[in-house]
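A.B. asks: In order, the protein sequence lines correspond to chains A and B.
First residue of the first sequence: 10, per my numbering; consecutive thereafter.
First residue of the second sequence: 10, per my numbering; consecutive thereafter.
Some hints here could point you the wrong way.
The list treats identical chains as one, so a pair stands whether inside a single copy or across any two.
As the list claims (entries may be wrong) - For lysine to any residue, the following SDA-like pairs were computed, each having C-alpha atoms within a straight-line distance of at most 25 Å:
1. Lys303 to Val340
2. Lys544 to His492
3. Lys532 to Ala574
4. Lys207 to Ala181
Quick caveat, the hints were computed from the structure, so don't treat them as lab data.
Since the model is a prediction, treat every value here as computed from it, not as a measurement.
Read off the chains here:
There are 2 protein chains.
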Amino acid sequence: MSLKRYLPILDWGARYDRDTATSDAVAAVIVTIMLIPQSLAYAMLAGLPPEVGLYASIAPLVLYAVFGTSRALAVGPVAVLSLMTAAAVGQVAAQGTPEYWGAAIALALMSGLMLTAMGLLRLGFMANFLSHPVISGFITASGIIIAASQLKHILGVKAGGHNLAEVLASLAQTIGDANPITAVIGVSVAAFLFWARKRLKPLLIAKGLRPRLADVIAKAGPVMAVAASTLAVWGLGLHERGVAIVGAIPSGLPPLALPSLDPALWSSLAVSALLISVVGFVESVSVAQTLAAKRRQRIVPDQELIGLGAANIGAAFTGGFPVTGGFARSVVNFDAGAETPAAGAFTAVGILLAALLLTPLLYFLPVATLAATIIVAVLSLVDLGSLRRTWAYSRPDFAAQLATIALTLGFGVEAGILAGVGLSIFLHLYTSSRPHVAVLGLVPGSEHFRNIRRHDVVTAPHVLMMRIDESLYFANARFLEDHVADAVAADPALRHVVLMCSAVNEIDASALESLEAIDQRLKAAGLRLHLSEVKGPVMDRLKRTDFLDHLSGDVFLTQYDAFHALAPAIADAARRAERRDTARPPAQAAQ
Amino acid sequence: MSLKRYLPILDWGARYDRDTATSDAVAAVIVTIMLIPQSLAYAMLAGLPPEVGLYASIAPLVLYAVFGTSRALAVGPVAVLSLMTAAAVGQVAAQGTPEYWGAAIALALMSGLMLTAMGLLRLGFMANFLSHPVISGFITASGIIIAASQLKHILGVKAGGHNLAEVLASLAQTIGDANPITAVIGVSVAAFLFWARKRLKPLLIAKGLRPRLADVIAKAGPVMAVAASTLAVWGLGLHERGVAIVGAIPSGLPPLALPSLDPALWSSLAVSALLISVVGFVESVSVAQTLAAKRRQRIVPDQELIGLGAANIGAAFTGGFPVTGGFARSVVNFDAGAETPAAGAFTAVGILLAALLLTPLLYFLPVATLAATIIVAVLSLVDLGSLRRTWAYSRPDFAAQLATIALTLGFGVEAGILAGVGLSIFLHLYTSSRPHVAVLGLVPGSEHFRNIRRHDVVTAPHVLMMRIDESLYFANARFLEDHVADAVAADPALRHVVLMCSAVNEIDASALESLEAIDQRLKAAGLRLHLSEVKGPVMDRLKRTDFLDHLSGDVFLTQYDAFHALAPAIADAARRAERRDTARPPAQAAQ
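Chain A with its partners taken away, still in its complex shape:
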């Protein structure tokens, strides 16, 4: 039972049969075709030799198949993690050196160990601190940076820069040196890929192809572009006219090697590894969950951490770099009929064959083609409309999202994501530190209590009834003290304060002390504090303290019980009155 928990392969593997194998194999062929150009391109984006992309698409897929819980997730290099890898590794080594590759390998190992540890310690909740607007802003900004960084390959110039402004300035300076043939290749491949993405499938279907076959052909667009542009360079000898090509890619098995364990390197990469782990996990688990739900299956997030951790450890020991579940390729895998993680293992075999046999064919592959592949892939990540939707729904979320985008573009991926996380936590605490408080009155003819600002309700001059729409904890404990103190100081006729706790899901130690302080202060001023509608779990904990023994007032089961006990005549009369519409016009109700 416990072994099955940590080795999901024992579960689905026991029932594996020929039909399932056929489905998985078909899906694997399609994913392999899609993954070959992606692997090469994302390795280039990470600043690594192209074969590293293939290495990162073999062992990780097999290990995820053993440890992962998603039936359809396709693991491998992805754009955002490649960018983060380049940013992290670029700080400790120069691109093109063995140290750079070694640092990328160490990053994969650290990330793999962190993910595994988080999984074993059930720390998957840490990923929750990345709010959706922050992650969406981060991915949008990453997409923009990635696309901008690839423009130099499309133009065939040597530009640099560490943030968006620098990249664009450097491009503007060097654009005069652009190689026209490279630019023609880059732009036409990009145009073809955009077209294939949007129009090819409908066109093929219109021509009479079966939708599924049309889909597969459309998804093979990058492979066609790779083949066509490679043939063009080879046939026309364009590499002799300044078109940058991939060149010799060593063919053979991935190198088995022990990653660097240098403590100085590890400590300088630690924060990056953590961010890469969390971003990779968040992206992967949301894809996995979406696909699992379609077939009413389930994934286990903590075991997903272990699966991704094993995949990254595998990448590290076979010369790869950080990997995670990719969105587009997982959807393709699912649509192509993958039924178990074995499809991933079959894909690994496909990539292995490519690494053994295909690399000589890629000698003349133009770098501009890979850059165009990346640009087309990442522009689908850019979702500026999300800013507008977030603005419409929630200002604090919008602020966090905008800050993430601005800081990622201006100061790089790590600054952006850290600022986004910090700001969303701060804004959440700020919002809940000033909760909505309604002063209540009885709706005539009922036992319901509503906000006196919004409804024409019955109150008693010596009883203040308040409902706090938030759990009480340290961030709003003082707010409550201030609020009650102000209300009581403003109205000398008051004798009773009733806090209606129906929306209070928790009272922490700070809030308990605040309630004690409020009670003592009210007592000193000749008033009594009462509570009503306290939830079961909250009451259980209050009973473990002496708060209820000292409380100047009572705890009432319902708000009406409280009102009836403190102002019986008014409550009775209002209860017996005729029920009527008490809502005030909105203008009056506004604060």
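Put chain B on the given structure of chain A with help from the hints.
C.D. replies: For chain B alone, coordinates are given in the frame of chain A:
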């Protein structure tokens, strides 16, 4: 109106009369007597010359009287801020140098400017991030450190150390050099002060004194100790036998001087100044609020920030160091009958007279007496019982409190308080990231829904009804997704999921996206998602999005409406059944 807001003196000053002045003056005399030895002692604790303590007790009191809103708060040097000052300034300058004093002055100016800015920008809520257990743990640990650091003066040895372990180790090494006469003075003063604190007042009352006079005499214990030990040293010439004395204190007005504006100094003190500001504000405002409530007055926290800010700026320009409202002396001020902040201004006059006339009399004051005064004062801050109470009430709060105490003792005040704040925020997010979720059924014979684990209730096999006891936001958005996915995957008979939102006070953008994802996944699996009892403000915001247009199910006003619509026969039958006690025995109800 607005001027009165920022200058509360215009409010109470307009109605100031002779009776009030008499009450204030009497209180001021008593507070002055209490404050003189405290000022000297806390200056010594901060590593500053004793007269600096007097300087910090003149201008700040006058400025607080102009800008503060508390009628009874007594401002001046306090133990915890003195310790924090010593820790901060000790990192940039050596004790005893003019640079050290200059840095303490700069710290007061920075803290004053920060407090004022926080007040003008209404940022008082930032103080809320210090939870009560953290602040209580911090003060306990500070009290222990302060007491330990004063033992060397009691023993007359030269010990050092930067944390508790070092201080105690250094004391153990040097205890052989202890000066017996100093130790006798220190121990007997400490014993006398403990005795005076606990027993003197009851004794005097028993002897027939009026309680108020007895109280004043008891409070004057430190002054008596100062006078007696000074006379003893002078009369017996003990300073020639190795007893350390305060020596020559320059008499005169506080020095008016521009504080250092060195940017390097400011940036190295910035974090310390912020922590000192927040800790000082939190302590002061809770004392002020407690005392104000006793007379049904109110304080304005944001204006309190301005009042304390002005006090610290005043301290900086007159050679002082960071100040705030002190607990013990404010209570004395209140009990002695202070009616307005003018009492503070009168106290300032008293301290000014002391600085002008009294300092020659303090030449023979033994340092051990001041150390004993500090020890007796701070040991009342040590509240280890708080740990036990917090443990009983809340494990997360206990963890934050224990971490604060341990890190403050082990690594100093700043590490301790920062770790405490970080940990309490983290634990709050962690707790609310795994909210209580109840699966609901209908209580027969009613329209109430309760937890199926705790009550014997009616459910329908194709309808899952869940109540989430927490606002939905980024930290628990994924939890909800996982929870619904698991529940649905486990039960193939389900056709409807109803989320009862009565405890949901907010749905942020992340949670909205999670709800959309849940809805889409349920739809893909042939289920429908419904909501019930959504609060008005939450509904208002949902209506601004297209979520409700796409929702696969409906939004019901009440949970019963939902159940009745989805399972009419079961709901009708259960509604008409006889009402009975449905609570299950606790053993069965436990998870």
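A.B. asks: Against this structure, judge whether each hint is valid.
C.D. replies: Verification of the hints:
no. : hint             : verdict
1   : Lys303 to Val340 : within (11 Å within a copy, 66 Å between copies)
2   : Lys544 to His492 : both (22 Å within a copy, 22 Å between copies)
3   : Lys532 to Ala574 : within (19 Å within a copy, 49 Å between copies)
4   : Lys207 to Ala181 : neither (30 Å within a copy, 80 Å between copies)
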